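When you get a sec, could you build the whole thing from the sequences and use the hints?
Same order as they appear, the protein sequences are chains A and B.
According to this note's numbering, the residues represented by the first sequence are 1 to 397, in order.
According to this note's numbering, the residues represented by the second sequence are 1 to 608, in order.
For the record, the hints were derived by calculation from the structure and aren't laboratory data.
Predicted model only: the values in this text are computed from it and were never measured.
Check the hints yourself; a few may be wrong.
The calculated SDA-like cross-link candidates involving lysine to any residue, where the alpha carbons are at most 20 Å apart (straight line), are [what the hints assert, rightly or not]:
#, chain 1, residue 1, chain 2, residue 2
1, A, Lys108, B, Tyr493
2, A, Lys108, B, Gly179
3, A, Lys108, B, Arg536
4, B, Lys562, B, Thr573
5, A, Lys108, B, Val600
6, A, Lys80, B, Asp178
7, A, Lys327, B, Met454
8, A, Lys352, B, Met607
9, A, Lys352, B, Pro538
10, A, Lys352, B, Phe181
11, A, Lys198, B, Arg605
12, A, Lys352, B, Gly487
13, B, Lys393, A, Lys327
14, A, Lys198, B, Val600
15, A, Lys81, B, Leu482
16, A, Lys352, B, Met486
17, A, Lys352, B, Arg492
18, A, Lys352, B, Arg605
19, A, Lys198, B, Arg603
20, A, Lys352, B, Glu267
21, A, Lys352, B, Leu482
22, A, Lys352, B, Tyr493
A short list of chain A residues far from chain B (calculated; beta carbon distances all over 10 Å) [what the hints assert, rightly or not]:
#, residue
23, Asp18
24, Gly95
25, Gly109
26, Lys128
27, Lys136
28, Gln150
29, Gln202
30, Gly247
31, His262
32, Arg283
33, Gln303
34, Lys352
35, Arg353
No residue lacks a Cβ here, since even glycine has one placed at the ideal position from N, Cα and C.
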Amino acid sequence: MPAPIRILTAVPICDGHDSAINTINLEFIRHGIEVVYLGFHRYVSDIVRAAIQEDVAAIGISSYNGGHIEFFADVVRHLKKLGASDIKVFGGGGGTITHDDAREMKRKGVDQIFFAGTPLTEMVAYVKKHYAKPRKARAKSNVDLTLARQLTEIEDAKGKVKNSKSKNSKRPKVIGFTGPGGAGKTTLIDELVLRFLKQDRQSRVAILSHDPSVVGEGALLGDRATMINSQDDRVFMRSMATRGQAGGLSPATESCLQLLAHSDFDYVIIETVGTGQEAMPFRNQLVDQTVLVMNPDYGARLQLQKIVMLDVADIVVVNKTDLDRAKAALSEIEHRLTQNKRDQQIVATVAKRHRDAGVDELFELITNSKSSVAAVSDRRNRKNRRSETAATSRKKS
Amino acid sequence: MSKLGAVVEAVGKHEQFVRDQVKRARSDEKFARELTERWNKFKSEIPVSKTPTGIPLPRLALPEIDEAGEIARYLFGEGLPGEFPFLNAAYREMYLEPLQHNEQGSFKRSTSARSTSSNGAKKNGARPPEEPTRLFSGLMLAEDTNKRFHFLSAHQRSKRLSTAFDGPTLYGIDSDADGVFGKIGEGGVAVDTVEDMVRLYDGFEVGSPDFSASMTISGPAPIIMAMYIAAAKRRFGNGVVPNLRGTIQADIFKEVQAQNETIFPIEASLRFLLDMIEWTSANMPRWYPVSISGYHIGEAGSTPVQQAAYTLSNGFAYVEMLMARGADVNVFGPRLSFFLDCGLDAEYIALARVSRKIWAIGMRDVFGAGPKAQLFKLHTQTSGRSLVAAEFKNNLTRTAAELMLAYMNATNSCHSNSADEPFTTPSEEWIRLASHAQAILLEESGIFKHTMNMLSGSPGMKAVERAVEKAILDEFREIESLGGVMGAVENRYQRSQIQNAAHRYEEQIYDGTRPIIALNRYRNGSDEMPEVELARTPRSRQQLQVDRLKKFKARNAAKAQKELEKLAAVVETDENCFPALLEAAEVCSLGQISGCLQEVVGRFRPMV
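Following this line, the structure appears as structure tokens:
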């Protein structure tokens with residue numbers, strides 16, 4: 001069976017009309033397409049960067065607020081400039097895009113414009129017919145383009161691809177984020193990214209984010225849509241669908257991670273899908289540090305005994321501590337961690353809050369190896385490796 | 001937990017109160033006699049107007065009932081127009097033509113007059129009321145929109161302007177920012193500075209009791225409000241401020257739930273909004289500093305019930321937050337106004353009527369508001385979503401039907417959409433037809449100008465009222481169970497409900513269970529769109545806006561820096577930051593101010 005088609009959808013800058021695209025996204029994923037949804041009010045540069053990093057076959061733009069001729073043409077131009085003109089552009093805007101406009105947009109390199117009243121099935125059929133072709137090699141290729149295409153190859157071969165060992169001696173620190181859906185993992189990561197970007201001027205961060213595939217094998221990869229700080233050239237983000245694998249990651253995660261770990265990043269962050277109590281997604285020493293993100297609303301205290309990750313996480317973040325139940329949750333979780341006798345850290349955050357002190361503390365724990373949590377002997381080797389990539393030594397690169 | 005649960009209880013208690021009064025009227029003879037006498041006396045005093053064809057009509061039609069229980073049910077359950085719980089109308093006479101001298105009977109002026117009570121300027125009952133027509137407009141640069149405003153209001157006694165802003169303005173971004181050039185002046189007017197604001201309303205007496213401005217903007221609303229005030233002061237001096245009349249949308253909750261034009265985190269957005277409401281309530285007694293809006297919730301795809309339920313609950317949440325800050329409900333309460341969509345679904349026959357009743361009961365019984373703060377003052381717009389591009393002239397009929405529904409709900413003001421809206425900012429030809437549709441309905445036809453309650457109270461309308469009220473209260477209970485409006489918002493409850501409804505609506509169109517004439521039924525086979533004149537902003541105009549802004553910034557660079565630092569310092573404290581915004585608006589651009597605020601409070605994280 002061929003790998004799913006991947007496309008990216010977005011709504012242009014200064015446009016919040018996301019009703020049509022939400023409906024269309026659902027139709028796409030129901031028909032086996034993987035949709036990376038970038039959200040509304042997005043700049044051309046954000047759309048093109050995301051399309052390249054995600055290595056999608058096409059970009060679908062839903063525009064209802066005017067200025068579409070210019071905007072669509074800009075996307076095409078920008079893709080070409082970066083050597084990614086194999087990524088196609090299509091879209092629609094209900095009645096706001098006239099037939100004359102559409103003709104002009106096509107002259108400027110847009111593949112197809114759908115008008116009001118087009119059945120959703122027609123759009124799905126169009127995407128399946130035109131964007132399922134195998135990707136061709138690119139003539140001109142920069143670092144992100146190459147990396148993105150390599151990740152596609154790994155993913156489409158279900159991870160059964162041997163990585164060419166990179167000559168890069170610098171190893172990034174790999175941090176794994178997991179926890180139940182709705183705990184605020186994506187927001188937390190995006191807030192950490194802001195701090196990564198602010199601490200110096202050149203370091204790069206990679207994010208490997210996961211969302212579940214649905215029946216029919218499509219997936220809505222929507223983490224980018226809620227991110228604000230990670231829309232930056234210094235952040236390489238890749239959204240992966242689980243493609244049938246249970247446990248929070250994709251069959252290709254491990255190979256993709258190896259590739260990223262040998263690329264030029266200072267930090268690599270993995271975010272699992274929202275996980276259940278029994279999940280333990282990071283095996284085989286996949287990551288250097290594990291962060292479990294929890295919501296204070298986990299239910300009765302007894303539930304804590306069943307959460308496996310509480311035994312193995314290096315850092316437990318209790319997010320949303322502005323909620324009423326937070327105080328009790330913090331003390332219950334702290335008590336549970338004490339029983340483990342493993343010197344695990346607990347951090348209280350309100351990730352949605354700008355300049356949150358808890359997120360600052362978490363950032364310190366992640367970037368400062370001295371406060372590292374790896375007190376247990378079997379982690380000693382990794383602890384040593386981590387100190388090489390700690391904040392102080394990174395500044396030389 | 002929020003006060004929404006208390007509102008549900010209060011509505012239930014009120015229903016019980018009405019039932020008790022009905023029972024009492026049927027068992028207590030003295031009470032029954034009093035009620036009947038009051039009813040008969042009131043009926044006999046209703047003035048009578050003559051139609052142009054010569055038949056006499058009462059200025060208020062009442063149900064033909066003479067049994068005390070039924071009278072009690074009507075008076076307590078619905079209320080006369082202008083009386084609690086305001087089911088029939090917020091005011092006694094609404095759109096009626098002024099009474100001529102030779103006609104008989106009279107209402108005491110104090111109980112009527114929507115126009116005079118809202119501006120308080122004239123006690124003279126003979127003054128013709130303001131037209132409820134309020135047309136939304138905004139295109140290209142400020143001077144272009146200004147020209148359109150003069151064109152639209154040329155034949156109106158009162159100048160009621162409604163302003164649409166372009167995308168960059170709605171998102172608090174300057175026209176000279178990277179990546180927004182093509183959006184300048186598209187879908188609305190570009191406003192970057194106080195100077196644009198001066199150009200926008202040039203030639204209008206903004207302090208006159210005959211003028212009011214409405215501004216449809218929410219994310220950066222406090223900044224735009226400050227610019228409006230600064231522009232008015234430049235033209236007419238500081239003394240004009242207390243006389244300013246109008247509305248700014250400023251509804252953060254509905255942005256987060258549906259329209260997605262939010263630029264600061266929710267808590268910070270709310271703080272700026274409440275700061276502005278407190279300041280304008282104290283200093284601009286004729287201004288409506290927030291228009292609590294269901295329109296965009298409806299347009300994003302919600303059902304009519306969801307629209308009303310989310311709008312009302314958002315309103316109650318604002319009241320609760322303002323009171324928590326110590327604001328007086330009887331000071332800010334009368335300055336709250338509402339904005340609903342009116343489409344073609346059956347619920348719209350009574351949606352606004354029921355909303356008015358629930359608001360009044362909640363405000364009186366839960367928040368202790370006096371009569372003026374109990375009024376649900378409503379602006380309605382016909383549904384943009386109901387219009388389609390295919391055989392677009394049908395949109396005239398759709399809008400006409402929606403206008404009927406809107407006026408049957410006794411809306412206080414109304415915008416009728418142009419038939420060409422599915423593909424462009426309305427052109428003059430079609431916007432003129434839209435405006436005339438209202439004049440035909442209100443002035444030419446006899447449907448609304450002779451008699452209040454002309455179409456109220458049919459058995460069908462009552463059935464819709466009951467169903468809608470029950471469904472709204474069920475929604476309230478659901479929101480309350482999620483921790484009130486704020487908790488529900490953070491759980492993205494309203495967003496997902498709206499998205500589900502939108503999805504269902506689309507599916508109904510595609511599978512034909514929701515007929516849209518000429519789209520999925522009775523198609524003429526041609527997909528070609530009509531030739532209409534498109535309102536698009538030429539590049540040269542867009543460049544002019546950028547150039548003007550750059551000059552403004554260069555000229556004010558030093559002063560702007562100082563004001564922004566002052567503003568940032570105030571925002572760091574708990575003080576009301578609106579006075580600092582007013583000063584910044586004199587010398588800073590919109591983007592400079594929103595950028596400064598975002599440095600302190602952060603940016604809005606989109607919800608999907």
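Okay, the hints, checked on the actual structure:
1. Restraint check for Lys108 of chain A and Tyr493 of chain B: not satisfied, since their Cα atoms lie roughly 41 Å apart, outside the 20 Å limit.
2. Pair hint Lys108 of chain A plus Gly179 of chain B holds up; C-alpha atoms about 18 Å apart against a cutoff of 20 Å.
3. Of the supplied pair hints, the one linking Lys108 of chain A and Arg536 of chain B holds, its CA atoms being roughly 19 Å apart against a limit of 20 Å.
4. Proximity of Lys562 of chain B to Thr573 of chain B is assessed by CA-CA distance (about 18 Å); at most 20 Å being required, the pair is judged to hold.
5. The hinted pair formed by Lys108 of chain A and Val600 of chain B fails the criterion: a straight-line CA distance of about 41 Å is larger than 20 Å.
6. With a CA separation close to 19 Å, the supplied pair Lys80 of chain A and Asp178 of chain B stays within the 20 Å bound.
7. A threshold of 20 Å between alpha carbons decides the hint, and for Lys327 of chain A with Met454 of chain B the separation of about 59 Å lies outside it, so the pair is violated.
8. Annotation: proposed proximity of Lys352 of chain A to Met607 of chain B holds, straight-line Cα distance about 12 Å (limit 20 Å).
9. Restraint check for Lys352 of chain A and Pro538 of chain B: not satisfied, since their Cα atoms lie roughly 41 Å apart, outside the 20 Å limit.
10. With a C-alpha separation of about 31 Å, the suggested pair Lys352 of chain A and Phe181 of chain B falls outside the 20 Å cut-off, and the hint is violated.
11. Taking the CA atoms of Lys198 of chain A and Arg605 of chain B, the gap is about 18 Å. The hint holds against a cut of 20 Å.
12. Only pairs whose Cα atoms come within 20 Å are accepted, and Lys352 of chain A paired with Gly487 of chain B is accepted, the gap being roughly 14 Å.
13. A C-alpha spacing of about 61 Å is found between Lys393 of chain B and Lys327 of chain A, which places the hinted pair above 20 Å, so the restraint is violated.
14. Straight-line distance between C-alpha atoms of Lys198 of chain A and Val600 of chain B comes to about 15 Å, which keeps the hinted pair within the 20 Å bound.
15. For the suggested pair Lys81 of chain A and Leu482 of chain B, the alpha carbons sit about 48 Å apart, so the restraint of at most 20 Å is broken.
16. Restraint check for Lys352 of chain A and Met486 of chain B: satisfied, since their Cα atoms lie roughly 14 Å apart, inside the 20 Å limit.
17. Using a Cα cut-off of 20 Å, the hinted pair Lys352 of chain A and Arg492 of chain B holds, with the two alpha carbons roughly 14 Å apart.
18. A distance of roughly 8 Å separates the Cα atoms of Lys352 of chain A and Arg605 of chain B; the hinted pair therefore holds under the 20 Å criterion.
19. A distance of roughly 16 Å separates the Cα atoms of Lys198 of chain A and Arg603 of chain B; the hinted pair therefore holds under the 20 Å criterion.
20. Annotation: proposed proximity of Lys352 of chain A to Glu267 of chain B holds, straight-line Cα distance about 10 Å (limit 20 Å).
21. This hinted pair checks out: Lys352 of chain A and Leu482 of chain B have alpha carbons roughly 18 Å apart, not beyond 20 Å.
22. Proposed proximity of Lys352 of chain A and Tyr493 of chain B is supported: the alpha carbons are some 17 Å apart, at most 20 Å.
23. Asp18 of chain A, annotated as away from the interface, has a beta carbon of chain B within 10 Å; the closest lies near 6 Å.
24. With a cut of 10 Å on Cβ distances, Gly95 of chain A falls inside the contact zone with chain B, its closest approach being about 3 Å.
25. Against the 10 Å criterion, Gly109 of chain A stays outside the reach of chain B, whose nearest CB is about 16 Å from its own CB.
26. The beta carbon of Lys128 of chain A is kept farther than 10 Å from every beta carbon of chain B, the shortest such distance being approximately 18 Å.
27. Taking the minimum C-beta to C-beta distance to chain B, about 29 Å, the non-interface status of Lys136 of chain A holds against the 10 Å cut.
28. For Gln150 of chain A, the requirement that its beta carbon stay farther than 10 Å from each beta carbon of chain B is met, with the minimum near 29 Å.
29. Distance check for Gln202 of chain A against chain B: the nearest CB is about 22 Å away, which clears 10 Å, and the non-interface claim stands.
30. At roughly 25 Å, the least C-beta separation between Gly247 of chain A and chain B is larger than 10 Å, which holds for a residue marked as non-interface.
31. Consistency note on His262 of chain A: stated as away from chain B, and its beta-carbon is indeed over 10 Å from all of that chain's, at 32 Å minimum.
32. With a least beta-carbon separation of about 31 Å from chain B, Arg283 of chain A lies farther than 10 Å from that chain, consistent with its non-interface assignment.
33. Its beta-carbon lying about 20 Å from the closest one in chain B, Gln303 of chain A satisfies the requirement of being farther than 10 Å from that chain.
34. Its closest Cβ contact with chain B, about 7 Å, brings Lys352 of chain A to no more than 10 Å, contrary to its assignment away from the interface.
35. Interface exclusion of Arg353 of chain A from chain B breaks down, the closest Cβ pair being 8 Å apart, not more than 10 Å.
Comparing the model with each numbered hint stated earlier shows that hints 1, 5, 7, 9, 10, 13, 15, 23, 24, 34 and 35 do not hold.
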